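K.L.:
Note that the protein sequences, when read in sequence, are chains A and B.
This note's numbering numbers the first residue of the first sequence as 1 and each following residue consecutively.
This note's numbering numbers the first residue of the second sequence as 1 and each following residue consecutively.
Calculated directly from the structure, the hints in this document are not laboratory data.
A few of these clues could be false.
When chains are identical, the list treats them as one kind, so a pair holds in a single copy or across two.
Once the Cα atoms are required to be at most 25 Å apart in a straight line, the calculated DSS-like pairs of lysine-lysine come out as [claimed, not checked]:
hint: 1; residue 1: Lys85; residue 2: Lys307
hint: 2; residue 1: Lys248; residue 2: Lys325
hint: 3; residue 1: Lys116; residue 2: Lys291
hint: 4; residue 1: Lys56; residue 2: Lys88
hint: 5; residue 1: Lys313; residue 2: Lys246
hint: 6; residue 1: Lys157; residue 2: Lys274
hint: 7; residue 1: Lys248; residue 2: Lys313
Being a predicted model, the structure only gives us computed values, none of them experimental.
Chain by chain, the residues run as shown.
Number of protein chains: 2
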Amino acid sequence: MKITINSPLDMHLHLRDEDMLNLVAPFSTKYFSWGLIMPNLVTPIKTKQDVISYKKRILDSTKWEDFTPYMTVFFYEGLNYEILKELKNEILAIKMYPDWVTTNSNWWIKSIDLEKIWHIFEAMEKLEIPLCIHWETNDFVMDREKNFIAIYEMLAKTYPKLKIIMEHITSKDLANLLDQYENLYATITLHHLLITLDDVAWWLLQPHLFCKPIAKRPEDREALLNLALNAHKKVMFGSDSAPHPKEKKEAEFCSAWIFTSPIALQCLVELFEKHNKLGNLQAFVSDNAQKIYWIKPIEKIVTLEKKDYIVPKNYGEVVPFMAWKTVSWSVI
Amino acid sequence: MKITINSPLDMHLHLRDEDMLNLVAPFSTKYFSWGLIMPNLVTPIKTKQDVISYKKRILDSTKWEDFTPYMTVFFYEGLNYEILKELKNEILAIKMYPDWVTTNSNWWIKSIDLEKIWHIFEAMEKLEIPLCIHWETNDFVMDREKNFIAIYEMLAKTYPKLKIIMEHITSKDLANLLDQYENLYATITLHHLLITLDDVAWWLLQPHLFCKPIAKRPEDREALLNLALNAHKKVMFGSDSAPHPKEKKEAEFCSAWIFTSPIALQCLVELFEKHNKLGNLQAFVSDNAQKIYWIKPIEKIVTLEKKDYIVPKNYGEVVPFMAWKTVSWSVI
């Protein structure tokens, strides 16, 4: 049994830089038609020159020419209409983080001081640049995502023509928000469709399943599955795949994030097949994103076969999601 | 400034065996007057001979003669009135685990098949042997403890003269249960008074703070603090201190449990002082337990001084709770 996916898109991807970029990029460029590249490098991607240079490094890292890296820049207080206008042709979206939330984000926006940045949202709305947000509050870990809902609602109401993408949503509360505001969209990762906090911390603690936002309760995963398996038109696949060396995952203090690029498609096919929803996979991994972002990717047919694939224990210094486990589909 | 504690008692203690026993026991035997020793060795403590032999190994492991190890045995289906009668003079309580819940418990009670074991509870009630329970259901990790409440209630009602100690409680729901049933008691650990899930898994994942039951929400910790700081008469200190080698804590799959014995008293004094509740500390760490277990410990005065103590990075292969941090009280 075989299945083909036309131009799979990864709408949330961390490729890092230098050696790590060279190690991980080929898994995305081989299997996907494009990726939306996150800008949180050690020196964040801010300027047009940053974007052009990083895009070149990405393209140089891979032999697969049928892959397009679509770029983003960090949201920062210095952005304005002129800068955004100049950036527009080089980027697909702006990515916004609070200062504490993720790898290399710690020097950025210091507070939800929105008044200072209204004019940036207005400019993005005018220029039709989508806003991708990973924002959690600083509350209790299981509540951080949902406690940001009031801000999502305010933004969605104030800028009805600004496309706002709630990145890698993990909770039923955010899932429920999608149908309430026309301009709210979401990406969902593979791992949040498969795991809950139970997998991270039950019999043994599993640092390789520790990610941000943290995997939540079973009813939250159910809500995400309901969106993805039915290919809700405002939802796209975004792996949030992000590599960390094993020594940073198995440590006194373990880094967050999960590396899924090499097995994302295989696992998604397995999951959609299990739920008898294979007919919706194309929309979830490609068509919805094309409509949301108004873009036509390079045509690229990826074929998978129903044949066991044993996930490697590691790729260099990086341990992948599902290491040593067997997935019932392989890319051919 | 100095404070003395008269005969501090640790009512829930894991000392392990062999090299690990020799490494960790001195911290308990130096600072505490007695400990209630948990029976979950690789070969669990079941028989009178097991108890006598393990007690001797504990006493041999330490030079501090003013410490009494009070013993427990594993609850198992083969227990009956005759066996319990013979055990009674050697033990202080029976410890019950489900089969999946803790280190070396995985071969024990296979299900909550209570009908088969009613007669054991009856015998314990008659012989006045307390029942210590660490039981969580197999539900979602944050609900496992509270979902066992129905069983606690059934046992408390059915055997009103059986003293039932809910071990290392972590949730407000169990805290609320104490005043509803005369024969329900509880131990509380140091770490559950100090941390929530936020500390285990926020910016970085901290395997050395991973324990069972897992640390819960802020409102749960508040409920525990309320009991401990006010020395609720049905609540006792039980460290649940349990060492694991560093290599099992910083790994692909990290073991649970936290090693607190060397700094438990120092941290408790700091905590009670911070909340202006030093006057209740003696009851929480000694007097309540004496009344609940009807036992008079060896008199042992432990004196602490308000003087910074830097917690060592490690004791041999074991990383302690609060490693490298400073506590404002020292034992002298």
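K.L.:
Give the relationship of Lys56 and Lys88 under a CA distance limit of 25 Å: within one copy only, between copies only, both, or neither.
P.N.:
within (17 Å within a copy, 76 Å between copies)
K.L.:
Have a look at Lys116 and Lys291 and pick one of within, between, both or neither, based on CA distance no larger than 25 Å.
P.N.:
Answer is neither; intra-copy 31 Å and inter-copy 62 Å both fail.
K.L.:
Between Lys248 and Lys325, at a C-alpha cutoff of 25 Å, which is it: within one copy, between copies, both, or neither?
P.N.:
So Lys248 and Lys325 pass the 25 Å test inside a copy (22 Å) and across (21 Å) alike.
K.L.:
State whether the alpha carbon distance between Lys248 and Lys313 is at most 25 Å within one copy, between copies, both, or neither.
P.N.:
Result: close both inside a copy and across copies, 16 Å intra and 19 Å inter.
K.L.:
Can you tell me if Lys157 and Lys274 fall within 25 Å by alpha carbon in one copy, between copies, both or neither?
P.N.:
neither (38 Å within a copy, 45 Å between copies)
K.L.:
My question is about Lys313 and Lys246: at a cut-off of 25 Å on alpha-carbon distance, are they close within one copy, between copies, both, or neither?
P.N.:
Close inside one copy (11 Å) and across copies (22 Å); limit 25 Å.
K.L.:
Tell me, please, which holds for Lys85 and Lys307 at an alpha-carbon limit of 25 Å: within, between, both or neither?
P.N.:
Neither: 48 Å inside a chain and 61 Å across chains, both beyond 25 Å.
When held up to the earlier numbered hints, the structure conflicts with 1, 3 and 6 and fits the remainder.
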